[in-house]
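Student: For reference, the chains in residue letters:
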Amino acid sequence: MGKTLAEKVWDEHVVRSTPGEPDLLYIDLHLIHEVTSPQAFDGLRLAGRKVRRPDLTLATEDHNVPTVDWDKPIADPVSKTQVDTLRKNAADFGVRLHPLGDVEQGIVHVVGPQLGLTQPGMTIVCGDSHTSTHGAFGAIAFGIGTSEVEHVLATQTLPQAKPRTMAVTVNGSLPEGVTAKDLVLTLIAHTGTGGGQGYIVEYRGQAIEELSMEGRMTVCNMSIEWGAKAGLIAPDQTTFDYIEGKPEAPQGADWDAAVAHWKTLVTDEDAEFDEEIVLDASTMTPFVTWGTNPGQGVPLGATVPSPDDFEDATDKVATEKALEYMGLEAGTPMREIKVDTVFVGSCTNGRIEDLRLAAEIIEGHQVAEGTRLLVVPGSVRVRNQAMEEGLDKVFIDAGAEWRGAGCSMCLGMNPDQLAPQERSASTSNRNFEGRQGKGGRTHLVSVPVAAATAIRGTLSSPADLDLDTSSR
Amino acid sequence: MEKFTSHTGVGVPLKRSNVDTDQIIPAVYLKRVTRTGFEDGLFAAWRNDPDFVLNQPAYAAGSVLVAGPDFGTGSSREHAVWALQNYGFKVVLSARFADIFRGNSGKAGLVAGQVDEKVVQALWDYLEDNPGGQITVDLEAKTVSTPDGEVQDSFDIDDYTRWRLLEGLDDIGITLGHEDQIAAYEATRPSWKPATQHA
Ligand code: SF4
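Line by line, the protein sequences give chains X and Y.
Note that UniProt numbering has the first sequence beginning at 1, numbered continuously upward.
Note that UniProt numbering has the second sequence beginning at 1, numbered continuously upward.
Just so you know, these hints were derived from the structure itself, not from any lab.
For clarity, every value in this text was computed on a predicted model and none was experimentally measured.
Hints are supplied without guarantee of correctness; some may be wrong.
Derived lysine-lysine pairs resembling DSSO-like cross-links, with alpha carbons at most 30 Å apart [to be verified]: (1) X:K50 - Y:K15; (2) Y:K118 - Y:K15; (3) X:K72 - Y:K90.
Quick look at which bits of chain X chain Y covers, simulated, 3 or more residues with Cβ under 8 Å [to be verified]: (4) 32–46; (5) 68–82; (6) 153–163; (7) 215–227; (8) 330–336; (9) 416–424.
Glycine included, each C-beta is placed from N, C-alpha and C at the ideal position.
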């Protein structure tokens with residue numbers, strides 16, 4: 001029997017395999033940020049250990065950093081301590097760090113791919129659950145805890161039990177204006193937030209093949225939101241084209257050898273998955289969440305559901321609680337929901353393609369009165385690229401706030417936060433209670449929906465803007 | 001991790017049951033970026049009480065905690081184990097431990113020995129008569145004893161954890177025991193695999 005892509009990559013990294021024990025996996029790339037690494041470095045110090053492979057380790061500052069005044073000291077003392085600690089640890093242990101103000105600084109999952117460090121067939125870990133993003137390149141990439149961070153720092157390996165494999169096959173093409181984000185939100189609403197538990201998922205099928213690398217990263221990023229251990233996509237020409245010429249990409253003969261190997265990284269015809277889900281992309285539409293987990297979503301054209309729509313008793317209660325927290329009435333058309341803040345950014349949708357798409361829709365419009373739009377590039381590199389293309393002007397002219405790079409309003413850890421009861425349309429990945437600030441209410445949306453919502457002030461798609469113009 | 005074979009130190013009677021990890025160290029003490037210094041949060045709520053056992057001079061240098069049943073329940077925070085260790089505890093004896101606490105202890109090198117309820121009582125009686133008295137915990141023989149021979153009994157700890165503690169191996173230590181295999185694997189990695197630093 002043949003092997004799945006995940007099995008091939010896994011098997012290539014087994015350092016040691018003994019019956020009754022987890023496999024010892026070699027880790028090709030270890031990404032680090034300020035929040036989950038301090039105790040790991042401290043553990044090394046206490047045990048008198050060093051970082052085994054600083055040359056396979058990369059650190060950046062993202063969760064705690066402000067997106068304005070980044071040239072001034074960080075105001076919040078706890079955030080400042082975490083960032084300062086990372087700087088000291090990186091210096092003491094010889095780890096390459098891209099600090100605030102550096103041209104390569106940014107969200108860890110944006111930085112890896114844009115440097116060309118994320119490549120097919122690798123094992124990549126980080127003390128962050130959205131490490132699954134890197135699976136878009138055909139890598140096995142997953143989040144780990146602080147004890148595991150220490151383990152990887154010391155040994156460059158990790159004991160891991162082999163997960164089961166699942167295929168998510170998305171046939172057909174996405175209709176015009178429907179994005180990777182809508183695709184993955186539709187998938188999560190279909191499976192529930194626990195549907196992927198225990199699996200490495202391979203996304204495949206025509207709709208996946210037709211996605212850009214940015215789109216593929218958006219899909220893989222949200223693997224964790226339906227419980228999967230990791231998500232990955234077989235590398236193809238799109239992947240190779242994206243990597244070629246990036247700062248850390250292989251060159252010359254190395255490039256040829258790498259690509260020759262990468263081309264073997266596909267699921268064999270006769271391989272078997274433990275589970276399979278099939279979806280049809282051609283029926284998908286812009287998709288938005290109404291509740292407090294990423295599985296609580298509906299098409300933009302639908303209405304807020306009622307607890308009575310659910311058979312399962314726990315679903316009923318969950319819906320009731322979510323509606324109360326979100327301050328929503330069952331039956332309200334999603335399009336009538338008024339939004340205070342629109343956030344375009346995060347490791348889900350903070351890449352250059354996302355900013356281009358947002359600018360294209362916003363150009364020539366104004367942000368609605370009573371609504372604010374935050375545009376936060378995922379990295380300094382993305383920010384600079386956007387400015388070279390004049391995207392910053394489009395946003396600023398429309399009345400948006402054009403910010404520095406970081407996690408920003410994706411999570412309530414830095415100064416960019418929602419006020420209690422403030423409602424957002426956000427291109428990030430989590431709408432948990434309080435995620436964007438205590439009491440804040442989050443609707444997860446795609447970039448086009450975010451942009452159109454900023455202009456109209458209510459949840460909208462670009463198609464609604466066209467209607468506005470033609471009825472004028 | 002240091003090897004643990006046998007330890008003799010001041011016994012501390014903690015005459016409470018169901019001590020959860022929030023009581024061992026409250027959440028407000030978890031913001032630190034180190035794995036050390038958590039002793040200031042250890043049993044924080046009780047330390048204000050002058051009668052609390054650790055506030056009595058005889059027990060200030062305690063290293064063997066003799067606790068009531070169901071020790072370490074609740075939140076999974078590893079900090080609870082770190083706080084006990086940072087204070088100076090090497091061993092906790094109890095009739096029952098919460099699973100996660102027991103697991104975390106094994107990882108961090110704190111001996112969590114399970115003893116009979118009557119052994120706990122006997123140790124408490126001994127410490128009542130001899131405040132600041134010493135207790136010997138022999139991991140090799142899995143025994144706990146007092147110098148006067150009043151208490152001489154066995155304790156339970158799972159074989160794998162016992163082996164690791166005797167050898168002084170944490171999970172990382174065990175993996176580093178396979179160093180040769182890691183190095184052999186590294187030697188086979190293709191030259192085109194990316195690196196973050198270049199010679
Ligand atoms: S952008 Fe959000 S999800 Fe991504 S790493 Fe930062 S906090 Fe985590």
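Student: May I ask which of the numbered hints given earlier this structure violates, with the numbers listed in increasing order?
Tutor: Violated hints (numbers, rising): 1, 3, 7, 8 and 9; every other hint is consistent with the structure.
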